[in-house]
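Peer 1: Kindly produce the complete structure, drawing on both the sequences and the hints.
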Amino acid sequence: MTKTQLIEKLGGELGIPPNKLSDSATLASFTAWDSMGRIAVLAMIDTELGCELPSGALQKCKTVGDLVFLLAGKLES
Amino acid sequence: MISQISCHLPNKILSNDDLARLYVGWTAEKIFEKTGIRERRVVQDGECASDLAFAAAERLFGERKREADYLLFCTQTPDYLLPTTACLLQHRLGLPTACAALDFNLGCSGYVYGLSLANSLILSGAANRVVLLTADTYTRLIHPQDKSTRTIFGDAGTATLFCKESGARLHSFVLGSDGSGAEQLMVKTSGARFPRSDALPTTVDDSGNVHDPACLYMNGPEIFNFTLKAVPNLVREVLDKAGLSLDVIDMVIFHQANAFMLEHLRRKLGIPSEKFVLNMEFCGNTVSSTIPLALEAVVKTGRLRQGMKVLLAGFGVGYSWGGCILEWN
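For the protein sequence lines, the chains are A and B, in the order given.
54 is the number that numbering that gives the first Met the number 0 gives to position 55 of the first sequence; each next residue is one higher, with no gaps.
320 is the number that numbering that gives the first Met the number 0 gives to position 321 of the second sequence; each next residue is one higher, with no gaps.
It is possible that part of the hints are untrue.
Below, a sample of chain B positions facing chain A; criterion: calculated Cβ distance under 10 Å [claimed, not checked]:
1. T34
2. T83
3. C86
Take a look, some chain B residues computed to stay more than 10 Å from chain A by CB distance [unchecked claim]:
4. Q89
5. S147
6. V203
7. N208
8. A213
9. N218
10. E221
11. H263
12. K308
What the hints contain is simulated information worked out from the structure, not anything from laboratory work.
In this text, a Cβ means the ideal position worked out from N, Cα and C, and glycines have one as well.
Peer 2: The structure is reproduced here in structure tokens:
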């Protein structure tokens, strides 16, 4: 999965157009980034990238760029 | 061996329509889509976990009360810190004074732990008739402005009777714990570590959920993360211990946490949907009571039949988890 595909999937889970998900976009500014929204994103990451995040890792992500950086090792260039 | 299961739900209903009226921007259908729950049963003022367990047990016993020689009560919302609520229930149910009675404090894994305790008591010869009760009133611990928990949890009580001579066989128990996750699902000022007099601040998260240290706190994403790691291993270990493959398992009943989480776990583990039980639409997540509620439902509808092998798995607060195989007779 490429970064572009990840952003598309993230937009799908949160109901947000991918063009609004720039690296600097603050996750907490999206209404859908609530408890269930974050669970949906974790499920997407598990399904698409087959990886489980370390405890607390998602909570530390403040921006879309933080999330992409967290998953960088699993993304195709 | 399990000979009978009986459940009780409180009368009061908290529907998605009720919640949608309280939370701006939420609809009843949105809550259902996110949780798989349409309504929860909730206790009224003065109604305790022991009342729910009592109602479930009264339906179970009939004339067999005098035979009970061990009472186990799984709850995290006891009537008192002391005395043991199981002792109060022994008296209220009219069980003999020769009946042992104890509480144990577990949540979502509690029913499987209770099964392992009851099974061991029977197999060791320490008891002939064990009554396992589960009940909780989590809804009394929830802050009214915490959507993340109020949409999920409901209250219930269940009773399961074990007889030495006959009933459904249990085996291949796998149990585990990881206290590193304790803070992810917690009522912080519920015991001696942080007495209520200690001024811990009430906070509001990014989604507007109010977290009062005297109320239930749940970090849903971290709990989900935990289940992704723990549940697939648990299922594999139970199957390995039983020497069985998933193909020969007739039914899988997980703790009914929320429908989204369960559906993801089902797909991840490759469990066919026709073997997988979802039973939370009209009662919510009732903590240690979800598995017996689901068992009672599949027995009533005839979905669970003689000779079927069922994989049970409970997981959650602690963290704590447990699984086993049930052969229904």
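Peer 1: Now, for every hint given, state plainly whether the structure supports it.
Peer 2: How the hints compare with the structure:
no.	hint	verdict
1	T34	8 Å, holds
2	T83	34 Å, violated
3	C86	38 Å, violated
4	Q89	40 Å, holds
5	S147	4 Å, violated
6	V203	12 Å, holds
7	N208	8 Å, violated
8	A213	20 Å, holds
9	N218	8 Å, violated
10	E221	6 Å, violated
11	H263	5 Å, violated
12	K308	28 Å, holds
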